[in-house]
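Residue numbers (my numbering), protein chains in the order written: chain V, 84 to 424; chain D, 84 to 424; chain B, 84 to 424; chain E, 84 to 424.
Simulated from the structure, these hints should not be mistaken for lab results.
Keep in mind that a hint or two might mislead.
If several chains are the same, the list does not tell them apart, and a pair holds so long as it fits within one copy or across any two.
[Unchecked claim] Computed list of lysine-lysine pairs in DSS-like fashion (alpha-carbon distance at most 30 Å, straight line):
1. Lys205 - Lys409
2. Lys286 - Lys235
3. Lys422 - Lys205
4. Lys409 - Lys422
5. Lys235 - Lys148
Given next are the chains, with one letter for each unit.
4 protein chains.
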Amino acid sequence: MIIVMQMGATPEQIEAVAASIRSRGIDPLVLPGEDRTAIGIPASLSSDARTDIEAQIAAMDGVSKVTQTSHPYKLASREFHREDTLVTVGEVVIGGGDFVVMGGPCSIESYEQFSSAALIVKSAGAQILRGGAFKPRTSPYAFQGLALEGLKIMQQVGQEVGLPTITEVMSGDLVPLVAEYVDILQIGARSMQNFPLLIEAGKSGKPVFLKRGPSATIDEFLLAAEYVLSQGNPNVILCERGIVALDKAYTRNVLDLAAIPVLKEHTHLPVIADPSHGTGVARYVLPMAKAALVAGADGIMVEMHPNPREALSDGSQALRPEQFQKLMDEIHHLATFVKGR
Amino acid sequence: MIIVMQMGATPEQIEAVAASIRSRGIDPLVLPGEDRTAIGIPASLSSDARTDIEAQIAAMDGVSKVTQTSHPYKLASREFHREDTLVTVGEVVIGGGDFVVMGGPCSIESYEQFSSAALIVKSAGAQILRGGAFKPRTSPYAFQGLALEGLKIMQQVGQEVGLPTITEVMSGDLVPLVAEYVDILQIGARSMQNFPLLIEAGKSGKPVFLKRGPSATIDEFLLAAEYVLSQGNPNVILCERGIVALDKAYTRNVLDLAAIPVLKEHTHLPVIADPSHGTGVARYVLPMAKAALVAGADGIMVEMHPNPREALSDGSQALRPEQFQKLMDEIHHLATFVKGR
Amino acid sequence: MIIVMQMGATPEQIEAVAASIRSRGIDPLVLPGEDRTAIGIPASLSSDARTDIEAQIAAMDGVSKVTQTSHPYKLASREFHREDTLVTVGEVVIGGGDFVVMGGPCSIESYEQFSSAALIVKSAGAQILRGGAFKPRTSPYAFQGLALEGLKIMQQVGQEVGLPTITEVMSGDLVPLVAEYVDILQIGARSMQNFPLLIEAGKSGKPVFLKRGPSATIDEFLLAAEYVLSQGNPNVILCERGIVALDKAYTRNVLDLAAIPVLKEHTHLPVIADPSHGTGVARYVLPMAKAALVAGADGIMVEMHPNPREALSDGSQALRPEQFQKLMDEIHHLATFVKGR
Amino acid sequence: MIIVMQMGATPEQIEAVAASIRSRGIDPLVLPGEDRTAIGIPASLSSDARTDIEAQIAAMDGVSKVTQTSHPYKLASREFHREDTLVTVGEVVIGGGDFVVMGGPCSIESYEQFSSAALIVKSAGAQILRGGAFKPRTSPYAFQGLALEGLKIMQQVGQEVGLPTITEVMSGDLVPLVAEYVDILQIGARSMQNFPLLIEAGKSGKPVFLKRGPSATIDEFLLAAEYVLSQGNPNVILCERGIVALDKAYTRNVLDLAAIPVLKEHTHLPVIADPSHGTGVARYVLPMAKAALVAGADGIMVEMHPNPREALSDGSQALRPEQFQKLMDEIHHLATFVKGR
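Looking at chain V on its own, in the form it has when it is part of the complex (with noise of 0.2 Å):
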């Protein structure tokens, strides 16, 4: 950690820092600067102890910042855990080289719908089956979903197909109920700081497929992600889903494809991209999801529905079934030619 002073700070109050770090045991190093002073906190802190640290200092006068110059997560970072992480999901590993695709509708909306769907996705050689029961609607006159209605179809149609599934679950009281039904707990955008959330899930046990936020930064997701591991859940599977977009004429979010090499870079976790919500649009996914691959992701989640026209929710961004039918072929052969080399 290194403290950054502010330039007419007095020697009284650069001593008062320093004094106040030792008073915690640890001998700070003084750094007196150009044309402001610095103080290096040299010793090993447990993120508790550094956060608490911050915290104070940062009120002290003559203090101008604060630097943490450790990764404020460790769980998750690949300092800490230098292999890659795997996520078996039945017969599926998620970061294992394999590109994993998970494909369905937005919505649950009936059996005929859904099951409809999961016969397309499984066809077209897609590996898991997504489908919304308990829907975040921006509005609340919006379709809410079937709720535990949608939890019954999506795990009878699981098994019909023989697909693994996962479903977004929006409170941490409703994990055991959805962990019942359902193979991958998914923990929406609007929810990646939903702390109780993220205990609930870490709790479960399953595995958690944890979207970033619109505005959040790589660390506020990795501490997401750390939120749930901490809980002694090690199946974090990470997805790049679009951030907040100054320009939403054309796309609805920004999909941010230099996050999955930083992500893989920073932790072992696995990294899938979202092309459906990360452009908003059906004729993006596909040069999106290519390019998610090039740039390294594990897989990619998207949408799809029997008839996009008749969606009650997301229709403008889900793929038909020959659209995902195409999207299907052209993957498979851009991930054998990546494979290959």
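Dock chains D, B and E against chain V, hints included.
Leaving out everything else, chains D, B and E in the frame of chain V:
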């Protein structure tokens, strides 16, 4: 609602959209445009119907964009409820013309700390006592609050000093517990779109203090309020607390003060500003508090601490007792001047 | 164009708007809406007329919003020019299906440095040679480029190695000078809305390489291109180089790769990606270069340096010679695969 | 300056960085950290030297980040120039405690329009007359201003009503011409990093009114001022005019009012707010003007028009004569109150 077709849209595609609207019993107005056609839906639709139609038409071939001409919120809209909503908590009225100050520490750390803070808040003339019992912290290793013990301290101290209280609740299942101990339920910026929480807060009937999410648009903010209102709870207080910053070097967030007159125009709900989180720096709290006042806010929420250097969270933005007193004095004089005109 | 009135707009206000449109000889379509009225302008207007009407009607009482249903750009629009524009520079064709790499150092530092860089660029198989003679630097104390001497070095080296050249020009009065020495005029991100410069670049008739501004929308980007095109110069190449980031901790900017398919859909101009400035980190250049390729870009601009540790600017994002060679190899193989399908 | 090494940095890499610093005659302080090493540069360096070292060290193996502990600007910094800079134009002093209002139309459209506007501005009590002769317009098809004719009108009208004048100059080569006719040179938000223009404006010796770019950080803003100051021209006035908005539905930009106290703390230059461009909506200009005043601004720039419905540009944000008078009255009263305390 206005549907704008793509430039190359065929007559068949245009007719298909028109037919789809007619199938709902509505007569569309087709507007052959400069280089593309627009289609208007003149009928008076429920919000539900509008949301459904929008999703489905957006997925049709040849459609470029669907624009709502109505606001997506209704109960929150001043168009449907012209008089200002007053939220009454004990003897304090929020939104009624008096500038209300909510003060207190970020976290409730102990009876002694909170009691000491409350006495300062009260004697300086603030009307509502704030403090965190459950703390949403970006890092799982940071201080998370005293939880139930904090609620009990808050209730006891609130009664001792004679101030209504406000604290954050982070998940729907905790609403009944928190509602038992405090007067106003705060929903934090990270929880603005925690829909199960919004619904439970709505059901509680308690005043709800809703913070704007860091990247939330005004429409998303008012739709979050709509979730609470739609449960039959009219007591919603809005809080602008800073949006995500492109430059975090000098302030933590960007306090969007123009949101105050924007909100006062479009909604009848009271609007509070939070210059503490809005800037993250104690010495910018006073100028931003005064700016919020003259911009038309109904009050402010301000963090103070009996001894910021010992604060377990957010020390750098908390006012010291003498700074809080100065803020109250300046605000009092300015509010008197503004009211006198 | 569609004018949406405020909800409380009076019949007189609605009529005033309609009358104002009629006074221009256009017959407005009044669309009584759900809770507010919309007014459509169906006639085919010139861009000038549209812009004027928009400004004036937006100031009328009772008007809530004026929405253009046409794109504001015309010459840049694919709607008016369906075939891809090919920009030919020497023997290199940009936009014609071959993936073009523009490589070279950030700054031209000396004949030796630039010549050494150019030989590496050429032998690795890149088609165009880049380098800065006039450097736009955030700080007045940073290296500002060799200016005219740099242009002369560029011309000489370009001829020696047999590669077309590109360099940035920062002001309109320097266009004739720069145009004399180099093949392509680059307009930097900070200059995207330097309108006098755009006009001079247009007049020069030289190919213009236009970088997207860090917070520019797609419409603003294409309108900047329109400035060049409107001078009768059809040779405009667009470059996505990263938009302003909310999180600058890991990358300097956010490379908006979805802008590639968006631009390819809405304009006929070639689209290049700049993964060097787009990320600011040398080790993320290769994955983002490959992502740009599969997303449909016509090429990339990449910074390399014979010895990055001695670079006078932007050292942290420049590729070393062996990294540049590796990038060219991987791009070549991927481009061959993509083209073969 | 502090260099933070990557976690896995080898002793050789650390030593290479230290050696590189020593080779410049500076003795580095190596700070073995918790999980990584930091290296401090304690010597007093010129800005040039710092910028060079930063670029080169950032490219070395094992380096994670280079952080400047000094501000990158110097002449603009209050640390080096503690007293407020006063900019005097005719009899008007900007930055000296009086709240200065610069008013006038967006564009100079004709002698009649501008003269009529100027009389209103003068009689309402504003001190400086603004108006655009060269207009930067996003679209090449929008009204571009009267150019030289506009400058002549401005000079004549300014003399007739007895007000100093300000107009925008868009390129360096026009500085001498514009400087001949008007009193203050305005550099627009889009030109904030037009470095050749900044240098010419600096050389002119005229007062320079510098607007913050829409996505500029505070450091970038002050470095732009530094360009002007470094030409020996101390007369720089800063203007906050709104940063790029995530939500453009209700306001055009986000007026960052906290930038006022931030700037007043870190620089000695006067700070003006522009609530007209900052919101883009006439009815939000007054509350934001008052907010800027109490936040500590030295003045405001406000657009007005004798008849906004006939404005050739920006009609929706211009105040009508009676609105401008009301603003001047309210500002006058508030300024008197604030000064009296």
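Hint check:
1. Lys205 - Lys409: Within. Shortest intra-copy distance 14 Å satisfies the 30 Å Cα cut-off; inter-copy 38 Å does not.
2. Lys286 - Lys235: both (23 Å within a copy, 27 Å between copies)
3. Lys422 - Lys205: both (22 Å within a copy, 29 Å between copies)
4. Lys409 - Lys422: Classified as both; 20 Å inside a copy, 17 Å across copies.
5. Lys235 - Lys148: neither (52 Å within a copy, 35 Å between copies)
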